[in-house]
Amino acid sequence: MSKMEVKNIRFVVKRWDPKDGRFFESEYTVPVYRGMTVLDALIYIKENIDKTLAFRGSCRMGVCGTCGIVINGKPRLACETQILHLNTDTVYLEPLHNLPLVKDLIIDHTPFFEKQNKIKPYLIRRDMEEYWNPTREYLQTPEEHLRYMQFTYCLTCALCYAACPTTATNPDFLGPQALMNTYRFIADSRDEGRLERIAIIDNPDGCWGCHLAGACSEVCPKGVDPALAIQLLRREVAKIAFGYVEPVEGAKVAPSLQLTEKRITKGPPEFTVEGAEEKLKEFKIPKTIPVEKSK
Amino acid sequence: MFAKRERKYKSTPNRLGVKGWYGSLKYNMEKYLYLLHRITGVGLAAFVILHVILMSSRMFGEEAYHQIHGLLMNPYTDIGMVIVTAALLFHGFNGIRLLLHEYGILFVRPKRPVYPYRVSVKSSGVRLFTILMIILAVLFFIPVLYEYIIIWW
Amino acid sequence: MSILSYGGEIMKESYIRLIQYLLAAVIVVAIAFHLQLFSSLIGPGYIKAQTWEEVASRMDNPFYDGVYAVLLFTVLTHAFIGVRNVLFEFITSRVGRVVTSWTLFIIYVIILLLGIAEIVASAS
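Protein chains in written order, with our numbering: chain A, 884 to 1178; chain B, 8 to 160; chain C, 126 to 249.
Just chain A, with the same shape it has in the complex (with noise of 0.2 Å):
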């Protein structure tokens, strides 16, 4: 693809000081060709203009969740914003809301993940010894699967978080994304641990404080949805509420492997089909069926 120059882009980046601990604005002007992302312009202008902006970024195609920023007001993802869709002659960047500030457009993520570790983000089963001494894998269907697959394409990269208008008051509140993973492994019919999770999210801070806004699903890069997650989880726990408590009885592990070693060790069927031989040799099929030779 051609590197066209298209026009000049005004970029007013909103920069955390750690020393002073104060904001400030800086502005940039740079040439934007077609294709070119919000990521690519950061990196122009710690190449080309100022060496001091701090920013983070790594895989540049949306999967590892590093380089989360609010650019025009809304958070996203600086790798997959195209500068030009965003039709503006002014990006206006800043660091993602309610998270602690490292430097500049660099956030902390630990109380985010601290969240997220909150609600035990693992398989909780019960029988111990099968969980340490794993045989072999636990059985799930497809359609099982299809239940929790979408909350699995999370990356973590805390735009929701961002996003999240109770996030914003409250912070203790959990967030869209430790909610979400919540109903991730309840939904998971593997998981035993259903109610000790939701010990975990019945109260104001948890599952309560969502109103569906769904600021948290409209920001999300992969379409997880964590809004939807939220609901699905106030009906488990509604379930539960009004009494309703199924037996929790996780996925079984997958019958071992003994049965199937016997069978390959045994060797193929011998023929017992009366006169089969005889007819063999009527036909004069070969034994050894000729290979063809490599030139």
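Simulated from the structure, these hints should not be mistaken for lab results. Everything numeric in this text was worked out from a predicted model, so none of it was measured. Take these hints with a grain of salt, some might be off.
Said to hold, decoys possible - Pairwise CB distance ranges, derived in the manner of DEER restraints: (1) A:926 to B:146: 46 to 56 Å; (2) A:1023 to B:149: 50 to 60 Å; (3) A:900 to B:79: 48 to 58 Å; (4) B:149 to A:996: 49 to 59 Å; (5) B:149 to A:1118: 29 to 39 Å; (6) B:119 to C:153: 30 to 40 Å; (7) A:1022 to B:29: 47 to 57 Å.
Positions of the beta carbon are idealized from the N, C-alpha and C atoms, including for glycine.
Put chains B and C on the given structure of chain A with help from the hints.
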């Protein structure tokens, strides 16, 4: 150690506060319905308290009622009542939507995310129901306006 | 009375939210009678200033007394829980939440008693 860390992120200078409720006017419509629901809710709560206090005057008989009533007989109160009714209608119909959607009723199911992503609140069925509720609120508001015009004339 | 606490007890907040929604469903029906919604769809009645005769006739009608009683309780409880939810977003400390709940509850009880006194006085 842990408490110190907690305090550190509670005093995040980048926390939006109430500004995060309305954001930058670039979000989906549900976010603004959420804000309106909240404003109308708190407003109606204040109104109900006022309403009960004022209307309790009638237990002291006709005279006391007329005294309070005389205070309220002015065009500003009429405009106020129209706003309160509008708030009530919005809060009611949006509340029906929230009541159903917050328990996952008339909502969508998890699906395989395929680009371009269509999230739950924006999927056609959910959005249609939201718009239907707003249209119903507006339809019920028409007689209020009609009545207000009659009073005004 | 988990409604007066900080909301951290297991499976209590979900009951409060269930109550909130059940009350909402009752209010939707009761308020339609209160505003004379069905008659106002045909003619005026929404915000028309009530004359003393109309008010007195309503006070004598036991059906409207019932509607008043139901509305008073449901609307005030709904408002109490709703404002509590909003305030809990700003007040995150445990003590602060308990204090907030109790403050709101005292206001709630005062208004409720005033309303009950009014209904009882008009019914007798």
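Structure-based check of all given hints:
The supplied range of 46 to 56 Å is met by residue 926 (chain A) and residue 146 (chain B), whose beta-carbon atoms lie about 54 Å from each other. For the hinted restraint 50 to 60 Å between residue 1023 (chain A) and residue 149 (chain B), the CB-CB distance of approximately 54 Å keeps it satisfied. At about 55 Å, the CB distance of residue 900 (chain A) to residue 79 (chain B) agrees with the hint of 48 to 58 Å. At about 51 Å, the CB distance of residue 149 (chain B) to residue 996 (chain A) agrees with the hint of 49 to 59 Å.
For residue 149 (chain B) and residue 1118 (chain A), the hinted distance range of 29 to 39 Å is satisfied, since their beta carbons lie about 35 Å from each other. Separated by about 37 Å at the C-beta atoms, residue 119 (chain B) and residue 153 (chain C) satisfy the suggested range of 30 to 40 Å. Remark: the range hint 47 to 57 Å for residue 1022 (chain A) to residue 29 (chain B) is upheld by a beta-carbon distance near 48 Å.
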